[in-house]
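J.: Listed below are the residues making up each chain.
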Amino acid sequence: MAFREIDLNMGPQHPSTHGVLRLKLAVDNEVVLRVEPVLGYLHRGMEKLWESLTYTQIVPLTDRLDYLASLSNNLAYCLAVEKLAGIEVPRRARYIRVVLAELQRLASHLAWTGFMANDIGAMSVLLYGFEAREDILDIFEEYCGARLTVHGIRIGGAVHDLDGPLVSRIRAVLERIPKRLADIRSLLDENRIWKERTVGIGRITAGEAIDYGLTGPPLRACGVAWDMRKDIPYSSYDDFDFDVPLGTNGDVYDRYLVRLEEICQSIRIVGQALDGLPEGEFKAKVPRVLKIAPGEAFHTIEAPKGVLGFTVRSNGTDKPERVKMKSPSFINLQSLEHLCQGNLFSDVIGILGSLDIVLGEIDK
Amino acid sequence: MPADRADQSKLRKALDALAGRFGDAVLAGAADKGELAVRLTKDVIVPALSFFKEELGFNAFEDLVVFDNLNSPDEGGARFTVVYRLFKFPGAVRARLTVEVGDGESLPSAVPVYRAADWAEREAFDMFGIPFEGHPDLRRIYLPDDFEGHPLRKDFPLAGRTGGL
Amino acid sequence: MTPFVADVLIPLGKIAAVILYPMVMVVVMIWLERRVVALMQGRLGPNRVGFQGVLQPVADAVKLFFKEDIIPRQADKLLFNISPVLVMFSSLLAFCFVPLGEPVRIGTTTLTLWIADSPVGLLIVLGLSSISVFGVIFGGWASNSKYPLMGALRSVIQVLSYEIPTGLAVLTVVFLARSMDLVEIVRRQEASGVWYGFLMPVSFVVFWISAVAETNRAPFDLPEAESELVAGYHTEYSGMKFAYFYMAEYAHMVLVSSLVVILFFGGWLPPFQGVKALAFLHAVPGFIWYLVKIMFFLYLYVWIRATLPRYRFDSLIRLVWKWLIPLALANFLVVALVRFLR
Numbered sequence: 001m002a003f004r005e006i007d008l009n010m011g012p013q014h015p016s017t018h019g020v021l022r023l024k025l026a027v028d029n030e031v032v033l034r035v036e037p038v039l040g041y042l043h044r045g046m047e048k049l050w051e052s053l054t055y056t057q058i059v060p061l062t063d064r065l066d067y068l069a070s071l072s073n074n075l076a077y078c079l080a081v082e083k084l085a086g087i088e089v090p091r092r093a094r095y096i097r098v099v100l101a102e103l104q105r106l107a108s109h110l111a112w113t114g115f116m117a118n119d120i121g122a123m124s125v126l127l128y129g130f131e132a133r134e135d136i137l138d139i140f141e142e143y144c145g146a147r148l149t150v151h152g153i154r155i156g157g158a159v160h161d162l163d164g165p166l167v168s169r170i171r172a173v174l175e176r177i178p179k180r181l182a183d184i185r186s187l188l189d190e191n192r193i194w195k196e197r198t199v200g201i202g203r204i205t206a207g208e209a210i211d212y213g214l215t216g217p218p219l220r221a222c223g224v225a226w227d228m229r230k231d232i233p234y235s236s237y238d239d240f241d242f243d244v245p246l247g248t249n250g251d252v253y254d255r256y257l258v259r260l261e262e263i264c265q266s267i268r269i270v271g272q273a274l275d276g277l278p279e280g281e282f283k284a285k286v287p288r289v290l291k292i293a294p295g296e297a298f299h300t301i302e303a304p305k306g307v308l309g310f311t312v313r314s315n316g317t318d319k320p321e322r323v324k325m326k327s328p329s330f331i332n333l334q335s336l337e338h339l340c341q342g343n344l345f346s347d348v349i350g351i352l353g354s355l356d357i358v359l360g361e362i363d364k
Numbered sequence: 001m002p003a004d005r006a007d008q009s010k011l012r013k014a015l016d017a018l019a020g021r022f023g024d025a026v027l028a029g030a031a032d033k034g035e036l037a038v039r040l041t042k043d044v045i046v047p048a049l050s051f052f053k054e055e056l057g058f059n060a061f062e063d064l065v066v067f068d069n070l071n072s073p074d075e076g077g078a079r080f081t082v083v084y085r086l087f088k089f090p091g092a093v094r095a096r097l098t099v100e101v102g103d104g105e106s107l108p109s110a111v112p113v114y115r116a117a118d119w120a121e122r123e124a125f126d127m128f129g130i131p132f133e134g135h136p137d138l139r140r141i142y143l144p145d146d147f148e149g150h151p152l153r154k155d156f157p158l159a160g161r162t163g164g165l
Numbered sequence: 001m002t003p004f005v006a007d008v009l010i011p012l013g014k015i016a017a018v019i020l021y022p023m024v025m026v027v028v029m030i031w032l033e034r035r036v037v038a039l040m041q042g043r044l045g046p047n048r049v050g051f052q053g054v055l056q057p058v059a060d061a062v063k064l065f066f067k068e069d070i071i072p073r074q075a076d077k078l079l080f081n082i083s084p085v086l087v088m089f090s091s092l093l094a095f096c097f098v099p100l101g102e103p104v105r106i107g108t109t110t111l112t113l114w115i116a117d118s119p120v121g122l123l124i125v126l127g128l129s130s131i132s133v134f135g136v137i138f139g140g141w142a143s144n145s146k147y148p149l150m151g152a153l154r155s156v157i158q159v160l161s162y163e164i165p166t167g168l169a170v171l172t173v174v175f176l177a178r179s180m181d182l183v184e185i186v187r188r189q190e191a192s193g194v195w196y197g198f199l200m201p202v203s204f205v206v207f208w209i210s211a212v213a214e215t216n217r218a219p220f221d222l223p224e225a226e227s228e229l230v231a232g233y234h235t236e237y238s239g240m241k242f243a244y245f246y247m248a249e250y251a252h253m254v255l256v257s258s259l260v261v262i263l264f265f266g267g268w269l270p271p272f273q274g275v276k277a278l279a280f281l282h283a284v285p286g287f288i289w290y291l292v293k294i295m296f297f298l299y300l301y302v303w304i305r306a307t308l309p310r311y312r313f314d315s316l317i318r319l320v321w322k323w324l325i326p327l328a329l330a331n332f333l334v335v336a337l338v339r340f341l342r
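Chains P, Z and S are the protein sequences, given in the same order. Under the numbering used here, the first sequence has 364 at position 364, and the numbering climbs by one with no breaks. Under the numbering used here, the second sequence has 111 at position 111, and the numbering climbs by one with no breaks. Under the numbering used here, the third sequence has 214 at position 214, and the numbering climbs by one with no breaks.
Hint data in this document are derived by calculation from the structure and do not stem from the laboratory. Certain hints may be false.
[Said to hold, decoys possible] Computed far set for chain S versus chain P, every beta-carbon distance over 10 Å: (1) Pro11; (2) Tyr21; (3) Gln52; (4) Asn81; (5) Leu111; (6) Ser238; (7) Pro270; (8) Pro271; (9) Val292; (10) Leu341.
[Stated by the list, open to error] To give an idea of the interface, some chain P residues facing chain S are shown, with a C-beta separation under 10 Å as derived from the structure: (11) Ile6; (12) Asn29; (13) Glu30; (14) Ala117; (15) Leu126; (16) Leu127; (17) Glu131; (18) Leu187; (19) Asn191; (20) Phe345.
A virtual CB, placed ideally from N, CA and C, is assigned to each residue, including glycine.
From just these sequences and the hints, can you work out the full model?
T.: Following this line, the structure appears as structure tokens:
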């Protein structure tokens, strides 16, 4: 059967585009010829808005970027501002931040596992992933009252101290996660259909991945040990002992394995941070109105989705001259066309899912 | 790796090599805390980027940041400052290449050197109206194609604009 | 019994039953699926309407009744309107030939628990269930939209491919029973004492896999793969027409489960026929045994759906052409040979 090339519009209202992404696909029957992501459906002009807000007012808005990992956004922004203003964060606050950021990574990866499995059609795993994530969101709720847009990290430290009951609760939750993870893995790891849908799909070599600017788990799935927590340690990450899980093939399956292994590593880090939680202040003294002398700072962290960075330029007033965000999803999505080339239409969904994008972060 | 990062002499050497290669086009250079900061004239930016990539080993393109200097003039005096951030892996060294662009002037595109610069340049074009010559597909990335103006310019109002959307 | 009762009332009652019985099964099945999948996933599922939410599918159907019926402007109106009817009608019609149990004796008259007893009942049922694919193709094509079209194309290829192993597996049963009459097939199993599913496990497995694929159920639900094709061939349908497609899918599942039970698991026969100690099992009416067996296979559908990810299109086709068809052919030859030698 000879088929004409069809242009297929996937999104912005499509169940698997993870928000309001639109993909312009050219397909020949089921084979994908071209993929062009069309962005901007969630563009809220954040960067313009930030220029009219004070440094502290910006923090809650960063929650709305990667809304599945709001604490990571808080952390990256606060670190950039602290670097610019020369604020020294107390050691206890740094540890609390690590606990929060790693719990956030757990939540983000667990949600990803669910979404990814659902995209491939294993709908039970979606619920298992979300059930585990729910526990972590409950911790956030107990910590500061919010679950999704947490706003738990402030300039100079964190919003509250970690008290004893909460610490033991976190420990209890961490003990439950490996069991749930094992459930998920028993459903997927050796599942023939799952492997057929993921092994060798969306492959990229290490060199190409770096060239396309991939960061985070998709890059580490290619075997590149680029992890900002190790390379340019921030917030006392060099105090903790953890591994950087690596893949070998750079395909969807390896991205899945890398993320699951990162969950285990995050559990390790949180455990160490809770054990070694130092005494002291949980927040540095920061003036209520923060005025920063003209200057510029750039700080990156290893967010769940990849390397997240903020450039902050000050002009001597209480509002920044410009805040620019380097969002990992935005750059990772660039490689989609390369990853999808010659694959089947069904694989586009799997590949897109494996990149773990969040439109709030891409469109800003 | 931290030992490698603190290696100031290596960074100095890289700076010297850069100055030797591009001469007067290098306006300023500094090496500090594992980061190279260079100011260049805009016509050598693409050769400089490929020098960084090929000879100095900065294999990753991290970010492209544009500043509008309308309200707070920069040292160069031009309207826009464009910052290219490069990253060297392994080694975790950063490079920050700065060029000045006047209003209405264009910049050569970095896409032939770093593919990752593709969308970053489209974003800069969308938000600031800086055209990148030689970009394979220079269109607005966030805003609709018929949008008037470039919102991150300082003379673009935050609210209350008539027209547009 | 007056002729009026025998010739008018009983047939009318049977016709009503043949429409009601699949519908009730569909309602039960939709509820069962949603509750069971929910429990497997650690949620509750619908539990508000009626006892434990049994009436939820009814509430959904009522809601769909009152929804606006949208026909896309570009659609081919005739085919667009016909296809849900075609899908529903073919499934329901097939139930006329499906026996539900042994004839019941009421006084002097014998009440058969089937409408039509045809010597080629099996062929008719298979043929009718294949007609429903036309509804899918017409619906997908007539919508004049890309996702439904792709869904319909997938459906054609999938159903056509899986018809072959289905046919080959059914043929082995026909060989053993020497009949295409569904009632006769059950009686032969009663006479031989062994259900064909245990005699020919390969035929059963091939038939069951193909049946899941033919009903477009997970993990073969590609024509309506939600995460890829939005809703597949019925993306453009709304209101009652959508409900028709939805119910027809479940009716088809009930039909296929009935076929599996009749062909391979002795229909309404109680288990352990030969065991004297378990003779009390015969006290339970055959219809109940029949329902229990059908429910087991319907549950299997749900179980599979909650467990497995979805196949990709090429591996789906590879599975049928490289594995199922050769396996079915080999099985067919072995059965034919054994039959010939005995």
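J.: Of the hints given before, which are not true for this structure?
T.: none
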